[in-house]
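Chains A and Y are the protein sequences, given in the same order.
Read in my numbering, the first sequence has 415 at position 414, and its numbers run on one by one without any break.
Read in my numbering, the second sequence has 242 at position 106, and its numbers run on one by one without any break.
Because the hints were derived from the structure by calculation, they are not lab data.
All C-beta atoms in this analysis are idealised placements derived from N, C-alpha and C, irrespective of residue type, glycine included.
It cannot be assumed that every hint is accurate.
[Claimed, not checked] Capping the alpha-carbon separation at 27 Å, the derived lysine-lysine pairs in DSSO-like fashion look like this:
{"no.": "1", "chain 1": "Y", "residue 1": "238", "chain 2": "Y", "residue 2": "213"}
{"no.": "2", "chain 1": "Y", "residue 1": "268", "chain 2": "A", "residue 2": "523"}
{"no.": "3", "chain 1": "A", "residue 1": "456", "chain 2": "A", "residue 2": "409"}
{"no.": "4", "chain 1": "Y", "residue 1": "289", "chain 2": "Y", "residue 2": "226"}
{"no.": "5", "chain 1": "A", "residue 1": "99", "chain 2": "Y", "residue 2": "210"}
{"no.": "6", "chain 1": "A", "residue 1": "409", "chain 2": "A", "residue 2": "386"}
{"no.": "7", "chain 1": "A", "residue 1": "527", "chain 2": "A", "residue 2": "491"}
{"no.": "8", "chain 1": "A", "residue 1": "448", "chain 2": "A", "residue 2": "386"}
{"no.": "9", "chain 1": "Y", "residue 1": "268", "chain 2": "Y", "residue 2": "289"}
{"no.": "10", "chain 1": "Y", "residue 1": "268", "chain 2": "Y", "residue 2": "213"}
{"no.": "11", "chain 1": "Y", "residue 1": "320", "chain 2": "A", "residue 2": "409"}
{"no.": "12", "chain 1": "A", "residue 1": "491", "chain 2": "Y", "residue 2": "320"}
{"no.": "13", "chain 1": "Y", "residue 1": "238", "chain 2": "A", "residue 2": "99"}
{"no.": "14", "chain 1": "A", "residue 1": "527", "chain 2": "Y", "residue 2": "320"}
{"no.": "15", "chain 1": "Y", "residue 1": "238", "chain 2": "Y", "residue 2": "268"}
{"no.": "16", "chain 1": "Y", "residue 1": "357", "chain 2": "Y", "residue 2": "385"}
[Unchecked claim] Cβ-Cβ distance ranges computed for the label pairs, FRET-style:
{"no.": "17", "chain 1": "A", "residue 1": "57", "chain 2": "Y", "residue 2": "281", "range": "35 to 45 Å"}
{"no.": "18", "chain 1": "A", "residue 1": "360", "chain 2": "Y", "residue 2": "384", "range": "52 to 62 Å"}
{"no.": "19", "chain 1": "A", "residue 1": "305", "chain 2": "Y", "residue 2": "170", "range": "43 to 53 Å"}
{"no.": "20", "chain 1": "A", "residue 1": "155", "chain 2": "Y", "residue 2": "240", "range": "26 to 36 Å"}
{"no.": "21", "chain 1": "A", "residue 1": "209", "chain 2": "Y", "residue 2": "240", "range": "32 to 42 Å"}
{"no.": "22", "chain 1": "Y", "residue 1": "190", "chain 2": "A", "residue 2": "449", "range": "53 to 63 Å"}
{"no.": "23", "chain 1": "Y", "residue 1": "278", "chain 2": "A", "residue 2": "301", "range": "50 to 60 Å"}
{"no.": "24", "chain 1": "A", "residue 1": "402", "chain 2": "Y", "residue 2": "281", "range": "35 to 45 Å"}
{"no.": "25", "chain 1": "Y", "residue 1": "281", "chain 2": "A", "residue 2": "305", "range": "29 to 39 Å"}
{"no.": "26", "chain 1": "Y", "residue 1": "210", "chain 2": "A", "residue 2": "402", "range": "55 to 65 Å"}
{"no.": "27", "chain 1": "A", "residue 1": "181", "chain 2": "Y", "residue 2": "170", "range": "28 to 38 Å"}
{"no.": "28", "chain 1": "Y", "residue 1": "170", "chain 2": "A", "residue 2": "287", "range": "52 to 62 Å"}
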Amino acid sequence: MKQVFSCSGQELLDMMAVGSSWLEKSAPDINAINVFPVPDGDTGTNMLLTMRSVMEEADRASDDSVSAVAKAMAYGALMGARGNSGVILSQIFRGLAKGLEGKESFDGKDWAEALVQASHAAYQGLSQPVEGTILTVIRDVSTSAEAAAQANPADLTCVAEAAVEAAKNSVARTPLLLPVLREAGVVDAGGQGLYVLLEGALHYLRGETEEMQYRKPQMVTADLPLSSKAAQLVAEPEEPYGYCTNFLVEGQKLNPDKIRHRLEGKGQSLIVTGDDTNVRVHIHTYDPGAILKYVISLGTLHQIQIQNMDDQHVGFVEMQQERLPTADIAVVAVASGSGLREVFQSLGVAAVVPGGQTMNPSVREVLQTVESVPSQKVILLPNNKNIILTASQVQPLTDKEVVVVPTKTIPQGIAALLSFSYEGALEEAAQAMEEAIATVKTVEVTKAVRSTQIKGLKVRKGQAIGIVDDEDLVAAGDSITDVLFEALDKVGIESVEVVTLYYGADVEAAQAEEIIQEIGNKYPEKQVELIRGGQPHYNYIVSLE
Amino acid sequence: MVKIVTDSLSDIPDQLAQELGISIVPLNVHFGTETYRDRVDISTDEFYRKLQTSEVFPTTSAPPPGVFVELFTKLAKETDEILAIMTSSKISAICESALQGKDMVDARCHIAVIDSLQILAGQMFVVIVAAKAAREGANLEQISDMVRKAIPKAHVRGALATLEYLKRGGRIGKAQAFLGSLLKVTPILGFIDGEAHPIARVRSWAQGTDFLVNFVKGFPKIEELAIEDATTPDEAEILAERLSDIFPKERMHRTKFSPVLGAHLGPGALIVSVLEGE
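Looking at chain A on its own, in the form it has when it is part of the complex (with noise of 0.2 Å):
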């Protein structure tokens, strides 16, 4: 290994040609775990692009000192920048460019100054910095550049390599910093670009380029409290997390190193960041109140945020289960059958009890689910007339506000779920729900349970029958199809535009298919559907809208 000192234009050049072709390699990885702002998967790429403007520009540098070179790369990150990452990093290379302006060569001084510039340029450049993403490893790494050079001012390899370590640290924190990134369990993607990025610089510096050609960029992993498993196993006392208190302080003439300073020994993971009106703090702390207390007297206090770790922590395992859609109002249906369930949860209900035709679900059953789901607000889809009454019993017994949509079928409670508005309040959203009921017609088949006579119609027990919106028995017979088709063509199929066929766990699903194609040749002009219900019970559900 080889201890660089100082570094010519041509030497600045081909590092970054280096840093640029280990970025290429791992810009797919990049892609994969880009998340913020919006998970498009494009960050590796876009870093990756603007990088081949940086270096295009190089090349026509107009002399071979460091400030020309520098100062064409900016300009080629300028008019090639992609995407947010890719914008960002322009700014980094303007700073760059500062900070290396008017030099023949650079030393590690030299460069831990261009860093804390590039620093400078990517947060000034931004209207809303967000921490935990690029902004943030550039400044810790311009942070740790800065201390080295202080201690070896010369050796620029010896700086290089502490800016490398810090952006590696940087990267691994930005999920306690970002919580989007949190909840996908990853980095921040551009944080990570910018890090392979400078450890190919440090490699070349190095002379490493050789042994790259067989390697690639190591991912850096999160450092999420839950990487902390390998502790506990040893059955180490787990220590408290504390709260993460953030914060922003609008006010006049604040002095973001005196607020630093003052908040320094609070508490841990502290960022303060901003200017002489805005400051604003990250930090984890046991006591938020005693921060609180003390930038309430610098000014006025917006954005507060003070989250349990605690809660994120368990909030972190949950969410890999998971990651269901939040809303202010949960949706709690019953039904049973895996397909059914599995039909609600898609259409984005907080949660399923199980019950239905002759297995109703009990008020604590029902109470119990309206209270794990994690919403203040309910509305309950009881899918069954004889469970309606369960339903509206839970109303009284819990705190939160719960609003029973009358569905008496299961294609009831659909056409109710999909009618759901994400604006407007529990109330407004029940109304429409409950109108939504009108405009589907149910028809179940199942077995009678005993011989009857309804309505002039004889029914042996064991037979099939057809019932239409659970009330009015309008077939019957021995074959389970003929009676499907009956009560078919009772209940008006003529007027309805889609046909959903729900089978049940006693139908094979070739009789399912074979039925539902005999539907779409009986309605040429009707969207048919066939999906599996599991349900029990019912061989056939049939929604008509």
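Please build the complex by placing chain Y on the supplied structure of chain A, with the hints as guidance.
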């Protein structure tokens, strides 16, 4: 006179932009390593042909700040006030790019960048308001004020033929709630507070177009109305016909939405936008 700048996601037809003196900055569409400037290097028709035949899914990106530096510098020779009205910063980096470009312009010219929090014809309406005011001699401050007042009055709704493109493109925002449905649904999206929101799910395309008609009918007074499609002009025509008793057909804006959006919405989407009247 204040010069008005916007981007290609506003879907302003070229002719209207020329009439009103609006400069349009194109976003980029990428098929793998090939890059096209929205509607400059690739026409709407070519794009959808490629979208259906290309093996790689297209991605889109905002232009670099340098493009804005060049444009602002050029315009600064003709005027001393420029207003750039950009697509919502919540879904595109273009607003940030314009802000950075603005900072680097070395000219005695006052440049303001406004985050429209809009897209599609919603953004177009706001830009038209600005361009008309500029033509009538309003200054930068007055126009900025009018734009800010117009932004909450623009409403965009779209019926998507499929969620596939939105899912692959990643810019799905809160519409995530629509994903994973086991039933076939026609999703209705709205663009609210700068990002895509789920509005409703209906069971058929016919119900989807009904929804759009009812949405327009809900406004007591309509200043502007736009209908946008990509590859389905017949559908757009039927919708225009159905809306013609509410709003004169000759005053409706009929445009194609940008390929950049087509990559996310899919070619079959139908969009209706309304600018509420006073």
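Verification of the supplied hints:
Only pairs whose Cα atoms come within 27 Å are accepted, and residue 238/Y paired with residue 213/Y is accepted, the gap being roughly 15 Å. For a cut-off of 27 Å, the pair hint linking residue 268/Y to residue 523/A is broken: about 57 Å separates their Cα positions. Between residue 456/A and residue 409/A the alpha-carbon distance is near 22 Å, which keeps this suggested pair within the 27 Å criterion. For the proposed pair residue 289/Y and residue 226/Y, the alpha carbon gap of about 19 Å is at most 27 Å, so the pair holds.
A C-alpha spacing of about 25 Å is found between residue 99/A and residue 210/Y, which places the hinted pair at or below 27 Å, so the restraint holds. Restraint check for residue 409/A and residue 386/A: satisfied, since their Cα atoms lie roughly 5 Å apart, inside the 27 Å limit. The suggested pairing of residue 527/A with residue 491/A holds, with an alpha-carbon distance near 17 Å, which does not exceed 27 Å. At most 27 Å may separate the alpha-carbon atoms for a hinted pair to count; residue 448/A and residue 386/A meet this at roughly 18 Å.
The hinted pair formed by residue 268/Y and residue 289/Y meets the criterion: a straight-line CA distance of about 17 Å does not exceed 27 Å. A hinted pair counts as satisfied when its Cα atoms are at most 27 Å apart, and residue 268/Y with residue 213/Y qualifies at roughly 21 Å. Note on residue 320/Y and residue 409/A: the hinted pairing holds, with a Cα-Cα distance of about 22 Å set against a maximum of 27 Å. For the hint linking residue 491/A to residue 320/Y, the alpha-carbon distance of about 26 Å falls within 27 Å, and the restraint holds.
Under the criterion of a C-alpha separation no larger than 27 Å, the hint pairing residue 238/Y with residue 99/A is consistent with the structure, at around 18 Å. With a C-alpha separation of about 13 Å, the suggested pair residue 527/A and residue 320/Y falls inside the 27 Å cut-off, and the hint holds. In summary, the hint linking residue 238/Y to residue 268/Y is supported, as the alpha carbons are separated by about 23 Å, within the 27 Å threshold. Of the supplied pair hints, the one linking residue 357/Y and residue 385/Y holds, its CA atoms being roughly 15 Å apart against a limit of 27 Å.
At about 43 Å, the CB distance of residue 57/A to residue 281/Y agrees with the hint of 35 to 45 Å. As the Cβ distance of residue 360/A to residue 384/Y is approximately 59 Å, the hint placing it in 52 to 62 Å holds. Between residue 305/A and residue 170/Y the CB atoms are about 47 Å apart, so this pair conforms to the stated range of 43 to 53 Å. Distance hint check for residue 155/A and residue 240/Y: the Cβ-Cβ separation is about 34 Å, which falls inside the suggested range of 26 to 36 Å.
Taken as a hint, the range 32 to 42 Å holds for the pair residue 209/A and residue 240/Y, whose Cβ atoms sit roughly 37 Å apart. Checked against the hint of 53 to 63 Å, the C-beta distance between residue 190/Y and residue 449/A comes to roughly 58 Å, which is consistent with it. For residue 278/Y paired with residue 301/A, a C-beta distance near 30 Å fails the hint of 50 to 60 Å. At about 41 Å, the CB distance of residue 402/A to residue 281/Y agrees with the hint of 35 to 45 Å.
About 31 Å separates the C-beta atoms of residue 281/Y and residue 305/A, a value consistent with the hinted range of 29 to 39 Å. In this structure, residue 210/Y and residue 402/A meet the distance hint of 55 to 65 Å, their C-beta atoms being roughly 58 Å apart. Residue 181/A and residue 170/Y have their C-beta atoms about 31 Å apart, which keeps the hinted 28 to 38 Å range intact. For the pair residue 170/Y and residue 287/A, the supplied restraint of 52 to 62 Å holds, since their beta-carbon distance comes to about 55 Å.
Of the numbered hints given earlier, the model fails hints 2, 23; all others are met.
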